[in-house]
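Listed here are the chains, written in short residue letters.
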Amino acid sequence: MTAKPRLAVFKFASCDGCQLSLLDCEDELLAVAGAVEIVHFAEATSRMEPGPYDIVLVEGSITTPDDAARIQDVRANARFLMTIGACATAGGIQSLRNWADHQEFLQAVYARPEYISSLATSTAIADHVPVDFELRGCPISRQQLLEVLVALIDGRKPQTPGHGVCLDCKRRGSVCITVARGVPCMGPLTQSGCGAICPAFDRGCYGCFGPAPQVQPRSLTGHLLEQGAPPRQLVQLLRNFNGFAPEFRGESERLISQQET
Amino acid sequence: MEPARTIQVKVLTRVEGEGALFVRLRNNIIEDVRLQIYEPPRFFEAFLCDRSLEEIPDITARICGICPVAYQMSSVHALEAALGIVISPEIRRLRRLLYCGEWIESHALHMHLLHAPDFLGYESGIAMAQDHKREVARGLRLKKHGNQLLDVLGGRAIHPVNVCVGGFYRAPRREDLTALIPDFEWGLEAAMAATRWVAGFDFPAFRQPCELVAVVHPDEYAMNEGRVTSSAGHSWPVDEYETAFAEEHVAHSTALQSRRVPGGTSYLTGPLARINLSRAQLSPAARRLADEIKFESPCQNPFKAIIARGLELVHAYEVALEILKTYRPPVPSRIPYLHRQGSGCAATEAPRGLLYNRYTVDATGQVTASRIVPPTAQNQRQIEQDLRDHLPGLLHLGDAEVALGCERLVRSYDPCISCSTHFLQLKLERS
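Protein chains in written order, with my numbering: chain A, 1 to 261; chain B, 1 to 431.
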């Protein structure tokens, strides 16, 4: 019998919600903890073993010079490195600073900006080191997290869907709120994983799982503009938790440059 | 002069977020105690400006994955104050139910997985489960109930999607809530058993009188509404909060530290503050249990916050059950409103303590200014003060034991460092 895989969790700039998803697997937590050795997971255990690790979950984005160095060290100690959540895969909500004046942000929040060491940008882990697998979502889906962990333990390929939220809405039987009520909804552009909860709660999707593969944001924004949605609202919809994901970023920048010309 | 001695715990574990602690001693005299929060700043208050006010509860939720509802509650109440929206009693009850879900999830997590291992000598709740399977499994089931309630009311447990300015996007169906009742009836009993269990732990003898601050309401154990009240005999309407409490930026922390004005002294928020200020308003089962386990009044031992969390867990179950049993969907589920220029603030009780929010909005519905004061930022200075007073009793021990003793004390506050911005490391220097 081979030894149990050594699992580690590392946090960068984030809210802790994605790593909490592991503890939120209440029914499976003890079984998971039995199938792997949790050797570094500061939020859950005082056990803090050095690498190398077989499976590393990385939460959060890179926003400080120290963290830019630390992720290199984490990568060097990781056999399989998986990013969990929108911060780690796209820079998170804090990537809004990427379009702003960082000094202005610092001064707005802190009385003594000279005490703070922070980068002008918030960037995804994959911008710094090679990533073996990305789990999307703000927060991630705990079912998807379990699926990936079980697949890794079993040595098979994880099955996580790549279709859009729109398809989940149809499966769920939710009425399309964009068609029926004209509510701007990111469902057509957003990757599945949440269970299409927002339209089921009578509101538009805000894209927390990030762009689905091969999306054409322009066709959706064009339609919504025709319906009378203000361009500013569409820019804000594109620029939230996954705003710096390339597809969303490109479209929000295009909308802004279009307004300026 | 003798050199200073340094003891270091690089990462404080079993807390939310990342931080450090620095202690310097010379000849066993404490020279410096600093709770260091190096959590990378995320600049929420800066980027909330220029966003539509309708987006604010979705964005502030992302300040903390463990208490997103608290951020949603404080922000919607503050925005409603700015817009002059008065919510219906039915919406108010539904928000109280949602908050119960978060208190249950957060308190059950902290009690069982984060804090109890300190008293029983384990590195984690998972390791503790090998010898205390029944208690850990019970705790996980309690935690799950809180998450199930958030799932039904908000679509998901972390960053729920149903809270909006004015109420809820959609009222939950009665049958979906009624279906939770049998689990919650089991949970009420189980929460009482869990509280009796933690009340039987060995607690370090440590008494720390300090100023306690919580939202207090005349008719109920406050969650979403009330006056900001201090054990020193003061109370303020929420819009005077900033006259009594100020934030200071210190070099060793990316979180701003709160202090009382005038005087600059520390104070404590959270479950111990709430129970000491509003014990008579706990639900009947929680009140009876507090008497049964002879929970002292006032309780001034920060390590006993785990018992206070247990009593609040019982309370949250009983309040939730009452709402679940009498629920009628609010009509409308959200109060309509018009945009207008204005400013408003609110304080609600997050699982970890008082959470203050203030916003200014313009006539087009954009936020133009925001201020967020999380519970851990307010408790930071008190934590440092408590460490200073607790340390002399530990100094006869070796470095590792001193470090562990300090970590245990810090953990008893259930610090939420992502909220305040985060990273704890214990570094102890002594000669």
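Treat the hints as calculated values from the structure; they're not laboratory data.
Check the hints yourself; a few may be wrong.
Covered, in the sense of this in silico footprint (three residues per stretch, anywhere, with C-beta under 8 Å from a C-beta of chain A), are these stretches of chain B [said to hold, decoys possible]: (1) 81-94; (2) 265-272; (3) 288-296; (4) 385-398.
Only some residues are given here: those of chain A computed to face chain B with a beta carbon under 10 Å [to be verified]: (5) G17; (6) F80; (7) C87; (8) H102.
DMTMM-like cross-link-like pairs, simulated, lysine to aspartate or glutamate; straight-line CA separation at most 20 Å [unchecked claim]: (9) A/K4 with B/E123; (10) B/K133 with A/D27; (11) B/K325 with B/D399.
Just so you know, even glycine gets a beta-carbon here, dropped at the ideal spot from N, CA and C.
So, going through the hints one by one against the coordinates:
Residues of the region 81-94 of chain B lying with their CB closer than 8 Å to a CB of chain A number 0, which falls below the three-residue condition for coverage. As drawn, the region 265-272 of chain B meets chain A at 0 residues by the rule of a beta-carbon pair under 8 Å; below three, the given contact is violated. With 0 residues having a Cβ less than 8 Å from any Cβ of chain A, the region 288-296 of chain B misses the three-residue criterion, and the hint is violated. Here's how the region 385-398 of chain B fares: 0 of its residues keep a CB closer than 8 Å to some CB of chain A, so the rule of at least three is not met and the hint is violated.
Taking 10 Å as the C-beta contact cut-off toward chain B, the hint placing A/G17 at the interface holds, the least distance being around 2 Å. At about 21 Å, the closest approach between the beta carbon of A/F80 and any beta carbon in chain B exceeds 10 Å, and the interface hint on this residue is violated. Satisfaction of the interface hint for A/C87 is found here, the shortest Cβ-Cβ separation to chain B being roughly 9 Å, below the 10 Å cut-off. For the restraint placing A/H102 at the interface with chain B, the shortest Cβ-Cβ distance is roughly 9 Å, inside the 10 Å limit, so the hint holds.
Among the hinted pairs, A/K4 with B/E123 is consistent with the structure: their alpha-carbon atoms are about 19 Å apart, no more than 20 Å. As the CA atoms of B/K133 and A/D27 are separated by approximately 13 Å, the hinted pair is consistent with the 20 Å bound. At most 20 Å may separate the alpha-carbon atoms for a hinted pair to count; B/K325 and B/D399 exceed this at roughly 53 Å.
Hints 1, 2, 3, 4, 6 and 11, counting from the list given before, are not met by this structure.
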